[in-house]
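A.B. asks: In case you want the letters, here they are:
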Amino acid sequence: MKHYDLAVIGAGQGGLPAAHMAARLGANVALIEMDEVGGT
Amino acid sequence: MHLVQHRAAEFGVRGVDPQAVRMNLGAAVARKDTIVSGIHQGIYQALEYNQAITFIHGHAEFTSPHDLRVDGRQLQVEKVILAIGARPAPVPIDGLEQAGYLTNKEALRLTEVPASMIVIGGGYVGVEFAQMYARFGTQVTLLGRAPRLMRKEEPELSELLAEILRAEGITVHTGAEVLRAGRAVEGRFVEARVGDERQRFEAEVLLLAAGRTARLDGLGLEQAGVEPAGGYIQADEQLRTTAPNIWSLGDANGGLMFTHRATYDGPIAALNAVKDLGRSVDYRVVPRAVFTEPTLASVGLTEAEARARGHEVKVGVARFAHSGRAKAIGQTEGMIKLVARAGSGELLGGHILGPHADILIHEVVVAMYDRGTSQSLARSIHIHPTLSEVVKAAAKALR
Ligand SMILES: Cc1cc2nc3c(=O)[nH]c(=O)nc-3n(C[C@H](O)[C@H](O)[C@H](O)COP(=O)(O)OP(=O)(O)OC[C@H]3O[C@@H](n4cnc5c(N)ncnc54)[C@H](O)[C@@H]3O)c2cc1C
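For the protein sequence lines, the chains are A and B, in the order given. Just so we're aligned: 5 in this note's numbering is position 5 of the first sequence, and the numbers increase by one with no gaps anywhere. Add 1000 to the 1-based position in the second sequence for this note's numbering, that's all there is to it.
Among the clues, some could well be false.
[Claimed, not checked] Here are the simulated SDA-like cross-link-like pairs (lysine to any residue), alpha carbons at most 20 Å apart as the crow flies:
id, chain 1, residue 1, chain 2, residue 2
1, B, 1032, A, 5
2, B, 1105, A, 40
3, B, 1105, A, 38
4, B, 1032, A, 2
5, A, 2, B, 1061
6, A, 2, B, 1058
7, B, 1392, B, 1373
8, B, 1275, A, 35
[What the hints assert, rightly or not] Beta-carbon label-pair distances, calculated as ranges:
id, chain 1, residue 1, chain 2, residue 2, range
9, A, 26, B, 1222, 27 to 33 Å
10, B, 1003, A, 26, 47 to 53 Å
11, A, 26, B, 1379, 43 to 49 Å
12, B, 1043, A, 26, 17 to 23 Å
13, B, 1236, A, 26, 22 to 28 Å
Keep in mind that the hints were calculated from the coordinates and are not lab data. Ideal Cβ positions, reconstructed from N, Cα and C, are used throughout, including at glycine.
Construct all of the structure, not just a fragment, from the sequences and the given hints.
C.D. replies: Next comes the structure, spelled out in structure tokens:
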């Protein structure tokens, strides 16, 4: 099973900056999106 | 298109036959798609380039606070940030499903301009799409349930906006509660209570823009220990949910449902989740805009809200009709209203309906962020000839 420090659910307007900031802070991030990036 | 069709002659442009000007919606949608896919490509490239981020395409569902199922796959995670956004809220209108309707998504994919459209909802999505389609040539009826369009905005401005939309040929009904919908001989019908009367409207298509709600379905929130409230996720000032290892941001938390709020929340949620920094969000000064023409943009309290909170206030109003620049660009409709504390002049709110209101509002935003006063707007030198001079004029008019 894959293990991550942080999962961000949703690669929309808020999820993308959250994932990038978390990565910058050294976290191993899974960014999960069911539709298209960018949201709404 | 609107300018070319209706105002070419006024600006001295010859050779335009207003009757012949038509929207090629397919081409406009294709242009939009090109822009959007360029943006998507940039996003995917940045993600691919980032070694620390694994992008997974699929629907995520909690099976425990630390376990996610993404379609078939299982992931184990220490912490989670929910950035799940919102979707159109279900509305209790009899027969709506059978009638068939568009949401904002489908309404941006049409390739033919509908002859007529009923827009259900007088919030920003309803108002923006109503004007857009009316300008494309659709006969639009806008039904808003609240007594005013944009019901939380400064009443003078929202009423002026309704007048402007009506003058463009849009049928605007406020206080209109849609009760029933269905198929008509050609297209659809809706029945609404407008004031004390029951009225029937018919159009080729319906556009549902009656509010949004968090996308909680199928997320397995109970397994995660995340408690929603009123259709949204409950998060504290540090964006933490009721589950200690899960944070939530943006539209999913309700309140200020704007991109600039979600992008502001994002890094804060990450700092708190990853580094446990305990940063709080600061929503003291969050501006908002409705991208109609003229544009409506605002920040802070309306006059009535400020008074209801017990502030002694003064207000200043200035109209674009007196601005040389507004005359030159032919956009003289609209006004600015500023609200400030009576004594100190501290700015409490700014409300702009007019050309480039979405830009002009930032002068008030920055001033308010530093708890600035109307005096600094009134006394600082503004470039002539600009629309910003109207902001200054409103500040000088405060009393
Ligand atoms: C028609 C319209 C016009 C708008 N215009 C403006 C505007 O002009 N200015 C402005 O500031 N705001 C505007 N907004 C609002 C703005 O789009 C939102 O506030 C913003 O997108 C919120 O960001 P978010 O990250 O919270 O959610 P979103 O950007 O919606 O992202 C959420 C993402 O999560 C994904 N997701 C949800 N659940 C799951 C799951 N279980 N598994 C995997 N993925 C999931 C979704 O597919 C989506 O991509 C507009 C909204 C609409 C509908």
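A.B. asks: Honestly, do residue 26 of chain A and residue 1379 of chain B meet the 43 to 49 Å range at C-beta?
C.D. replies: Since the Cβ atoms of residue 26 of chain A and residue 1379 of chain B sit about 48 Å apart, the hinted range of 43 to 49 Å holds.
A.B. asks: Are residue 2 of chain A and residue 1058 of chain B close enough, with their CA atoms no more than 20 Å apart?
C.D. replies: Distance ~15 Å between residue 2 of chain A and residue 1058 of chain B Cα, so the pair holds.
A.B. asks: Does the Cβ pair residue 1236 of chain B, residue 26 of chain A satisfy 22 to 28 Å?
C.D. replies: holds, 25 Å
A.B. asks: Given the hinted pair residue 1032 of chain B and residue 2 of chain A, is their Cα-Cα distance within 20 Å?
C.D. replies: violated, 38 Å
A.B. asks: Given the proposed pairing of residue 1392 of chain B with residue 1373 of chain B, does the C-alpha separation stay at or below 20 Å?
C.D. replies: holds, 12 Å
A.B. asks: Between the beta carbons of residue 1043 of chain B and residue 26 of chain A, is the distance compatible with 17 to 23 Å?
C.D. replies: Since residue 1043 of chain B and residue 26 of chain A have Cβ atoms about 22 Å apart, the given range 17 to 23 Å holds.
A.B. asks: Mind checking the alpha carbons of residue 1105 of chain B and residue 40 of chain A for me, to see if they're no more than 20 Å apart?
C.D. replies: holds, 8 Å
A.B. asks: Does the structure keep residue 1032 of chain B and residue 5 of chain A at a Cα separation of 20 Å or less?
C.D. replies: Outside the cut-off at roughly 37 Å; violated.
A.B. asks: Would the pair residue 1105 of chain B and residue 38 of chain A pass a check requiring their Cα atoms to be no farther apart than 20 Å?
C.D. replies: holds, 13 Å
A.B. asks: Is it true that the CA of residue 1275 of chain B sits at most 20 Å from the CA of residue 35 of chain A?
C.D. replies: violated, 29 Å
A.B. asks: Within 27 to 33 Å: is that where the Cβ-Cβ distance between residue 26 of chain A and residue 1222 of chain B falls?
C.D. replies: holds, 32 Å
A.B. asks: Residue 2 of chain A and residue 1061 of chain B were given as a pair; does the straight-line alpha-carbon distance stay at or below 20 Å?
C.D. replies: The given pair, whose Cα atoms are some 15 Å apart, holds under the 20 Å limit.
In this structure, the hints that do not hold are numbers 1, 4, 8, in rising order.
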